[in-house]
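Asker: Which chain is which? The protein sequence lines are U and E, in order. With this note's numbering applied, the first sequence corresponds to residues 1 to 472, in that order. With this note's numbering applied, the second sequence corresponds to residues 1 to 574, in that order.
By construction, these hints were calculated from the structure, which means they are not laboratory data. It is possible that part of the hints are untrue.
To be verified - Each computed PhoX-like pair below joins lysine-lysine, with the alpha-carbon atoms no more than 25 Å apart: (1) U:Lys313 - E:Lys155; (2) U:Lys379 - E:Lys167; (3) U:Lys124 - E:Lys158; (4) E:Lys165 - U:Lys313; (5) E:Lys137 - U:Lys379; (6) U:Lys427 - E:Lys155; (7) E:Lys158 - U:Lys241; (8) U:Lys379 - E:Lys132; (9) U:Lys370 - E:Lys158; (10) U:Lys436 - E:Lys486; (11) U:Lys379 - E:Lys158; (12) E:Lys200 - U:Lys313; (13) E:Lys150 - U:Lys290; (14) E:Lys167 - U:Lys427; (15) E:Lys155 - U:Lys175; (16) E:Lys486 - U:Lys124; (17) U:Lys176 - E:Lys158; (18) U:Lys241 - E:Lys155.
As the list claims (entries may be wrong) - Here's a subset of chain E near chain U, in silico, CB distances under 7 Å, partners left out: (19) Gly85; (20) Leu138; (21) Leu139; (22) His141; (23) Ala147; (24) Val460; (25) Ala473; (26) Ser474; (27) Trp483; (28) Lys486; (29) Glu487; (30) Thr488; (31) Asn533; (32) Leu536.
Backbone N, C-alpha and C define an ideal beta-carbon position, used for all residues, glycine too.
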Amino acid sequence: MNIFKENRVLKFLGSVQMALPMILILAVLLATGTIVESRYSTVVAKRFVYGTWWFGGFLILLSINLLCSALSRFPWKKYQTGFVITHLGIITILAGSMVTQQMGADGQIALTEGEEGHIFQEDKPNFYYQIGEGPIEQVPASFSFRPPNPDHPLLVNLPEGGMLMVDQFYLNAQKKVAGRVAGEGEKGFPAVHVNLDSSFVHENQWLFLGHADYGHLDLGPASVFFEKEADWKKRLAMGAKEISENALAFLLAKDGSLKYQTRHRGEFTPVQPLKVGQDYSTGWMDMQFKAEERLSNALPEETYLEQPLPNQKDPESAIHYELIQNPDKKEGWLGYQGQTTFLLKGKTFGLAYGPKQVRLPFTLHLTKFKLGLDPGTDKPASYASDILYTDPEKGTQVPAEISMNQPLHFKGFTVYQASYQPMPDGKYISVFSVGKDPGIWIKYTGAITLVLGIIFMFWFKNPSWGKKEVNV
Amino acid sequence: MSKGNFKFLIFNFEFWKHFSIPVHPCSSVAKMICAVVFSVSLCLSGKGFASELDFKTLSLIPIQEGGRLKPMDTFARESVRFITGHEEFENRSSMDTLMDWLTHPETWEAKDFILVENLEMRDQLGIPKDQKRVSPKLLMHNDGFMAFAKMNYAKQQKKITLDAKEKESLAVFGRLQKFEDLLPGDSLTIIPIPNTKTYKWASIGDLKKAYDLDNQKMPDAAKEVLMTFARILKSYDGHNPTEFAAGTEDLSRMLSQIGGKEYPDPSKISMEVQFNGLKPFRVAWIIHLVAFLVIGLSFLLEMPKLFKPGFIIFIAGILMSLYGFVMRCLIAGRPPVSNMYESLIWVTFGMTVFALIFELIFGSRYFALAGSILAVFGFVLADNVPTILDPSIGPIEPVLRSNFWLTIHVLTITLSYAAFLLSLGIGHVCLWSLWKHRDDKERLKRQTNLLYRVVQVGIVLLASGTILGGVWASYSWGRFWGWDPKETWALIALLGYVAILHGRMAGWLRELGFTIGVVSAFLGVLMAWYGVNFILGVGLHSYGFSKGGLPYVISFVVVEILLVTTVGFKARKA
Numbered sequence: 001m002n003i004f005k006e007n008r009v010l011k012f013l014g015s016v017q018m019a020l021p022m023i024l025i026l027a028v029l030l031a032t033g034t035i036v037e038s039r040y041s042t043v044v045a046k047r048f049v050y051g052t053w054w055f056g057g058f059l060i061l062l063s064i065n066l067l068c069s070a071l072s073r074f075p076w077k078k079y080q081t082g083f084v085i086t087h088l089g090i091i092t093i094l095a096g097s098m099v100t101q102q103m104g105a106d107g108q109i110a111l112t113e114g115e116e117g118h119i120f121q122e123d124k125p126n127f128y129y130q131i132g133e134g135p136i137e138q139v140p141a142s143f144s145f146r147p148p149n150p151d152h153p154l155l156v157n158l159p160e161g162g163m164l165m166v167d168q169f170y171l172n173a174q175k176k177v178a179g180r181v182a183g184e185g186e187k188g189f190p191a192v193h194v195n196l197d198s199s200f201v202h203e204n205q206w207l208f209l210g211h212a213d214y215g216h217l218d219l220g221p222a223s224v225f226f227e228k229e230a231d232w233k234k235r236l237a238m239g240a241k242e243i244s245e246n247a248l249a250f251l252l253a254k255d256g257s258l259k260y261q262t263r264h265r266g267e268f269t270p271v272q273p274l275k276v277g278q279d280y281s282t283g284w285m286d287m288q289f290k291a292e293e294r295l296s297n298a299l300p301e302e303t304y305l306e307q308p309l310p311n312q313k314d315p316e317s318a319i320h321y322e323l324i325q326n327p328d329k330k331e332g333w334l335g336y337q338g339q340t341t342f343l344l345k346g347k348t349f350g351l352a353y354g355p356k357q358v359r360l361p362f363t364l365h366l367t368k369f370k371l372g373l374d375p376g377t378d379k380p381a382s383y384a385s386d387i388l389y390t391d392p393e394k395g396t397q398v399p400a401e402i403s404m405n406q407p408l409h410f411k412g413f414t415v416y417q418a419s420y421q422p423m424p425d426g427k428y429i430s431v432f433s434v435g436k437d438p439g440i441w442i443k444y445t446g447a448i449t450l451v452l453g454i455i456f457m458f459w460f461k462n463p464s465w466g467k468k469e470v471n472v
Numbered sequence: 001m002s003k004g005n006f007k008f009l010i011f012n013f014e015f016w017k018h019f020s021i022p023v024h025p026c027s028s029v030a031k032m033i034c035a036v037v038f039s040v041s042l043c044l045s046g047k048g049f050a051s052e053l054d055f056k057t058l059s060l061i062p063i064q065e066g067g068r069l070k071p072m073d074t075f076a077r078e079s080v081r082f083i084t085g086h087e088e089f090e091n092r093s094s095m096d097t098l099m100d101w102l103t104h105p106e107t108w109e110a111k112d113f114i115l116v117e118n119l120e121m122r123d124q125l126g127i128p129k130d131q132k133r134v135s136p137k138l139l140m141h142n143d144g145f146m147a148f149a150k151m152n153y154a155k156q157q158k159k160i161t162l163d164a165k166e167k168e169s170l171a172v173f174g175r176l177q178k179f180e181d182l183l184p185g186d187s188l189t190i191i192p193i194p195n196t197k198t199y200k201w202a203s204i205g206d207l208k209k210a211y212d213l214d215n216q217k218m219p220d221a222a223k224e225v226l227m228t229f230a231r232i233l234k235s236y237d238g239h240n241p242t243e244f245a246a247g248t249e250d251l252s253r254m255l256s257q258i259g260g261k262e263y264p265d266p267s268k269i270s271m272e273v274q275f276n277g278l279k280p281f282r283v284a285w286i287i288h289l290v291a292f293l294v295i296g297l298s299f300l301l302e303m304p305k306l307f308k309p310g311f312i313i314f315i316a317g318i319l320m321s322l323y324g325f326v327m328r329c330l331i332a333g334r335p336p337v338s339n340m341y342e343s344l345i346w347v348t349f350g351m352t353v354f355a356l357i358f359e360l361i362f363g364s365r366y367f368a369l370a371g372s373i374l375a376v377f378g379f380v381l382a383d384n385v386p387t388i389l390d391p392s393i394g395p396i397e398p399v400l401r402s403n404f405w406l407t408i409h410v411l412t413i414t415l416s417y418a419a420f421l422l423s424l425g426i427g428h429v430c431l432w433s434l435w436k437h438r439d440d441k442e443r444l445k446r447q448t449n450l451l452y453r454v455v456q457v458g459i460v461l462l463a464s465g466t467i468l469g470g471v472w473a474s475y476s477w478g479r480f481w482g483w484d485p486k487e488t489w490a491l492i493a494l495l496g497y498v499a500i501l502h503g504r505m506a507g508w509l510r511e512l513g514f515t516i517g518v519v520s521a522f523l524g525v526l527m528a529w530y531g532v533n534f535i536l537g538v539g540l541h542s543y544g545f546s547k548g549g550l551p552y553v554i555s556f557v558v559v560e561i562l563l564v565t566t567v568g569f570k571a572r573k574a
């Protein structure tokens, strides 16, 4: 008596009539996933295909199909050994993946030489807030299922009254900085709205004199500056340090008028007066420029505009928040990995939007990063990191080397050498992948079972297949 | 080309003093160098005579480039291929072209020889769409292009993804830069005095700069090397075979004297030159073509006696590619797992070995037939599209290095492709039978059984190879499975074959269905093998069909689909 044979539903669930369409559908789904990935990015493919509820559901259905197909043939005959082992192997692999997904962790930690760290970042967006000196609260904000909008915002009721909400989410957004006339009592910057044009390049940007982020524009082989004429002249007198070979400088003269100077292959042209709205040539990159507008006291205003998903690039998401402390309210945008602090009704609020922070059960200290090159080239041949890891219970520091194929295993976590980044001061940042995969041994077991099963199946002849052929 | 890393000081001048190579009683070394190296281009360029020059000695001089030591011969072939897209540009040998570049730079500055593949890029550069190459002058005087390329370089450094046109600008710029670096001798790193830090040898360009900086301080041996090089250029320019031979002999002797014990083993260098000249994979496809014709005749004329000689020729072809393969591994010092070219020759070779083994077991003649013709296709392809399938031997990514399990994983996966490639061939034999001998049930059954056997081998290898990939990824990246397109497509290809097995088991697919299924399932392999790197890799929307050979692959797919449908319809009707 086998219920998998008797029950019609279970029988169908274990049938080849069910299996074959499922295999084909899975192939199509996966193909779609890879196309989405190549068109957009890994993040987008995870969000819309591999990481969705229906994809997970489909894999569960496939497991049921595999299980029923194996069980419905019970009691197994000798020639079915390979078949049963193979199918149980696949189920084991899928089960192992489920364990990994539920209980595993996968993130990155980047350390500069000499730095110590114990927090790694998982690529799962979170929204953070902190009131005064209180604890930092973490709210999941990947919004993969139902993104918030002004009608259905993500609401957080703050313990001390008031409300924090995320009322807009753009999966891909572009920061737009525009000049806004500073209000009364606000200290702004002189600003020009610059337009650069060539047959290859179009740039449209605001430059704010003296602003740390928007004071100058780097085009790669050339740079654009906006400075006070006197300061600029001082810089040139000091040897024109940090000015690229090709450059364009907008200059604010003492009398308040605008001038400009260009530099081409290291040679400066004389300073010329500049008229707003008129085209000039930069002398490099075959490029025209003009100042479209100027403001004498302006502030940069960051907004985000929703963009179509970028091609072959991870999207850059942004959220819009609103903090209500009746009757006051503060709203604004946060790009991914952005943060802000402000005062509202006498309290300090800190908000941030970025990857999930996870604490390691031990501390990593990067002593030295070692880069090996191919002889006569600057191509990296190998890289490795000398580290010290601290065992919190014993309080001792243990030295270890982590290299490309030599990870560190400690307390259920594995730390791998992922990549590196040279710093301007000659030091290196070493990037490690940090993973916890409790399902790995289940997956290994399933994998070995699966391969053994296939070999069994093909090497030990299956009599029923022969019969089928005779029937032809 | 502001590289700015003038490492004159890498010379240990003390070192040179140990060498007392007699300086020729030349009135003024300096004058000679100035006269020859820097203004030799005043002379008229002369073609034709150059063929009398013997490049043998020069081609055997080791050069340090691209992370390894290689003969000048390889360097010349790679440089000419890289810049022009062809190893033999305008029917001259690579060595000849290289020497001409060095001797007559001015003539070449104005000549159209730098490859531009992207059609849109050609348009933007203001050349007709059917003009494949441009001159260095045209590129260097196009400020817009130069700035565009530099900007894209900056973008690439910031790890920003580039689109097809942006990538092409970098490729073209790279070709221009390679040429421009050749001229002052900067890339001729043939002087075996390694920098203690980077192990970089010194180049002819370094010598020139050191000479310009302070020729008094320069050791005689260094001047001698520089002068000998100038002598070679001069004799090349004057088409003087005797002087050219003497010059190259002298240079070779001096360099090996300087290198001493550290200088590469001449036998290894000459092995590589021999490999370059012989082109074993080209010879192999010719042998396989002969084998195919003889075996094909044995079928056509129904003369089984002809099969044996054909089979022996087939084995000779396998031995030839085996020889090429072993040579390549010895030269590279590693198994061939790093790029599309290497995987194509490995898969083709593996396929012929499978065909041989199956032939020996089953003795059906079909395996040798399918194996030989597929080998012709595989090796011809590998031999003829160097810009897509780059045959140069280079160092591999750090992550792929000295990793036993990775090597096993890649070789297993690619061997499964080899088995599936053979199944494609046998599948065509079955299609032929379905077309011609529809009523011969016995024959059809026998053939599909053979097909089934090959597919089984492929499935075992693909399943275990994919899993080995997971094991390796888990071991060195911490991720068993990450939905990476390469692994996902390997899985899709596997699912394709698994679906066919289930269909066969359920009795839904008989001879016709099974054959059509196996032939179609190869598209999955094609996608996992080629498509992921060349179609998904560059993006579905990319322009520039000239990049990556997509038209060939699409035509192949279309022909296969037509073939399968036609046979399907015909067999159904019967």
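Asker: Now tell me if each hint is right for this structure.
Answerer: Each hint, compared with the structure:
| no. | hint | result |
| --- | --- | --- |
| 1 | U:Lys313 - E:Lys155 | 13 Å, holds |
| 2 | U:Lys379 - E:Lys167 | 20 Å, holds |
| 3 | U:Lys124 - E:Lys158 | 23 Å, holds |
| 4 | E:Lys165 - U:Lys313 | 16 Å, holds |
| 5 | E:Lys137 - U:Lys379 | 30 Å, violated |
| 6 | U:Lys427 - E:Lys155 | 22 Å, holds |
| 7 | E:Lys158 - U:Lys241 | 23 Å, holds |
| 8 | U:Lys379 - E:Lys132 | 31 Å, violated |
| 9 | U:Lys370 - E:Lys158 | 22 Å, holds |
| 10 | U:Lys436 - E:Lys486 | 24 Å, holds |
| 11 | U:Lys379 - E:Lys158 | 17 Å, holds |
| 12 | E:Lys200 - U:Lys313 | 36 Å, violated |
| 13 | E:Lys150 - U:Lys290 | 23 Å, holds |
| 14 | E:Lys167 - U:Lys427 | 30 Å, violated |
| 15 | E:Lys155 - U:Lys175 | 18 Å, holds |
| 16 | E:Lys486 - U:Lys124 | 24 Å, holds |
| 17 | U:Lys176 - E:Lys158 | 20 Å, holds |
| 18 | U:Lys241 - E:Lys155 | 23 Å, holds |
| 19 | Gly85 | 24 Å, violated |
| 20 | Leu138 | 14 Å, violated |
| 21 | Leu139 | 13 Å, violated |
| 22 | His141 | 11 Å, violated |
| 23 | Ala147 | 3 Å, holds |
| 24 | Val460 | 5 Å, holds |
| 25 | Ala473 | 10 Å, violated |
| 26 | Ser474 | 6 Å, holds |
| 27 | Trp483 | 5 Å, holds |
| 28 | Lys486 | 9 Å, violated |
| 29 | Glu487 | 10 Å, violated |
| 30 | Thr488 | 5 Å, holds |
| 31 | Asn533 | 11 Å, violated |
| 32 | Leu536 | 4 Å, holds |
Hint check: violations occur at hints 5, 8, 12, 14, 19, 20, 21, 22, 25, 28, 29, 31; the rest are consistent with the structure.
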